[in-house]
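Sequence order for the protein chains is A and B.
All residue numbers for the first sequence refer to this note's numbering, where the first residue is 140 and numbers rise by one.
All residue numbers for the second sequence refer to this note's numbering, where the first residue is 140 and numbers rise by one.
No lab work stands behind these hints, which were simulated from the structure alone.
All residues carry an ideal CB built from backbone N, CA and C; glycine is no exception.
Errors might be hidden in some of the hints.
Claimed, not checked - Mimicking BS3-like on lysine-lysine, the simulated pairs with C-alpha atoms at most 27 Å apart in a straight line are:
{"no.": "1", "chain 1": "B", "residue 1": "Lys144", "chain 2": "B", "residue 2": "Lys200"}
{"no.": "2", "chain 1": "B", "residue 1": "Lys340", "chain 2": "A", "residue 2": "Lys144"}
{"no.": "3", "chain 1": "A", "residue 1": "Lys340", "chain 2": "B", "residue 2": "Lys144"}
{"no.": "4", "chain 1": "B", "residue 1": "Lys144", "chain 2": "A", "residue 2": "Lys228"}
{"no.": "5", "chain 1": "A", "residue 1": "Lys144", "chain 2": "A", "residue 2": "Lys200"}
{"no.": "6", "chain 1": "B", "residue 1": "Lys228", "chain 2": "A", "residue 2": "Lys228"}
{"no.": "7", "chain 1": "A", "residue 1": "Lys229", "chain 2": "B", "residue 2": "Lys228"}
{"no.": "8", "chain 1": "B", "residue 1": "Lys229", "chain 2": "A", "residue 2": "Lys228"}
{"no.": "9", "chain 1": "A", "residue 1": "Lys144", "chain 2": "B", "residue 2": "Lys144"}
{"no.": "10", "chain 1": "A", "residue 1": "Lys229", "chain 2": "B", "residue 2": "Lys144"}
{"no.": "11", "chain 1": "B", "residue 1": "Lys229", "chain 2": "A", "residue 2": "Lys229"}
{"no.": "12", "chain 1": "B", "residue 1": "Lys200", "chain 2": "A", "residue 2": "Lys144"}
Claimed, not checked - Below, a sample of chain A positions facing chain B; criterion: calculated Cβ distance under 8 Å:
{"no.": "13", "residue": "Lys238"}
{"no.": "14", "residue": "Cys276"}
{"no.": "15", "residue": "Gly277"}
{"no.": "16", "residue": "Met280"}
{"no.": "17", "residue": "Gly347"}
{"no.": "18", "residue": "Arg356"}
{"no.": "19", "residue": "Arg359"}
{"no.": "20", "residue": "Thr369"}
2 protein chains.
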Amino acid sequence: MSDAKIRLYVDQPLGEGQAVRLSPDQTHYLVGVMRLAVGAPVLLFNGRDGEWRALLAEAGKRGAVAVCEAVIRPLVLPPDLWLAFAPIKKARTDFIVEKAVELGVRRILPVQTRHTNSERIRQDRLQAHAVEAAEQCGATMVPEVAELQPLERLLAAWPAGRQLYWCDEAAAGQPAMIGGTPGPAAILIGPEGGFAEAEMKRLRGMAGVRSLSLGPRILRADTAAVAAVTLWQAAHGDWR
Amino acid sequence: MSDAKIRLYVDQPLGEGQAVRLSPDQTHYLVGVMRLAVGAPVLLFNGRDGEWRALLAEAGKRGAVAVCEAVIRPLVLPPDLWLAFAPIKKARTDFIVEKAVELGVRRILPVQTRHTNSERIRQDRLQAHAVEAAEQCGATMVPEVAELQPLERLLAAWPAGRQLYWCDEAAAGQPAMIGGTPGPAAILIGPEGGFAEAEMKRLRGMAGVRSLSLGPRILRADTAAVAAVTLWQAAHGDWR
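All chains should be modelled from the sequences, with the hints used to inform the complete structure.
In structure tokens form, the structure reads like this:
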């Protein structure tokens, strides 16, 4: 496909002959760490224009510029799946974001539940993790990481027609069947302490909501997120 | 079920009235960290005799002893699934072991492939991670973590009748169907650099071996391990 090994996400438009100024971090990585020089190929994507082969036209301490040569892959969106989860410890939250991008979701929604320990997240840091994961896994689009919002607010504005799967620990031992049909969907993972009674009641009363069992053992929230997205992808997503 | 919250893995036999001396680490945790006193309940399992409610009979600096009162759950083995994988960076290797235990496998087999970076693993440290994950996830058995062995040696002694699924990056984009039938099985995850040509040839020529696709994106080895075990569990394991 291409002799270029390094993939970078950029914000700018991509098109034939388009010059793209790289960020200081990207410049440091390409020039300082990887020792690329003028003329070296890199791959660029911006989530809109597909993946481009570009050549370094400037590669100095003051900055690097790459000029787009040819598109090598079209834009491919992941399936219309959202992953909503209650943030947990830092490393495990980072992990959920990384895995969600690799497995293929379109939006990542941190939610505050009654039993969520984290009152805050660093949205910018999680978004940077999503970018890194997309660069690594060959995705041509970077899922958006939303700001933390209360679960209630998310559910109150739930879009009609979007199926919601939530991981119900009370369903442990029931078959891990994903159910539902292809189409817009979301997976909701609770905090380590589980959902509150009122939250479960709310979920059980909503239309288009299905509970999902993930086997007889108690999964950590990060494991449950990966397992649930995997099952959805194999049943209704782009792993079919 | 039980008022005891803390689950501990022990090596000793468990049975009614059986006194169990806890390790210095367990004693420190129970007495120093959790401030449990004589008479407090704990849960014990040893991978053979099920899960027991026990009461602390001694809880001092010199050590803690718990006396088994009643069995509260029988021994439940995870399905006869092995997870073989090429060790990667420390944190991600730890993660694979933790997730394998939660998802439910019976043996964990680190293997050395041509492109594996780690020449050594700390088997004792990984086994301790498996114990911790079992304590956490409610398992009554702790999967064995084997010593690192060359992939060739593992394949040369492959047990007849054990189905082997390997994650073939060349199959990317094909449907993520697990295939095969319930029964003894193993999942093999390659290193970040992929399998060598000779290794793939070897695998393709073996009877009872199936390649497994995990969607159109490139998954890290740890993600692939969790996704593959999840699909097998839902199709043939104890998540059915």
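Structure-based check of all given hints:
no., hint, result
1, B:Lys144 with B:Lys200, "22 Å, holds"
2, B:Lys340 with A:Lys144, "26 Å, holds"
3, A:Lys340 with B:Lys144, "26 Å, holds"
4, B:Lys144 with A:Lys228, "21 Å, holds"
5, A:Lys144 with A:Lys200, "22 Å, holds"
6, B:Lys228 with A:Lys228, "20 Å, holds"
7, A:Lys229 with B:Lys228, "19 Å, holds"
8, B:Lys229 with A:Lys228, "19 Å, holds"
9, A:Lys144 with B:Lys144, "50 Å, violated"
10, A:Lys229 with B:Lys144, "25 Å, holds"
11, B:Lys229 with A:Lys229, "18 Å, holds"
12, B:Lys200 with A:Lys144, "57 Å, violated"
13, Lys238, "5 Å, holds"
14, Cys276, "4 Å, holds"
15, Gly277, "5 Å, holds"
16, Met280, "11 Å, violated"
17, Gly347, "22 Å, violated"
18, Arg356, "4 Å, holds"
19, Arg359, "6 Å, holds"
20, Thr369, "4 Å, holds"
Violated hints, listed in ascending order, are 9, 12, 16 and 17; each of the other numbered hints is respected by the structure.
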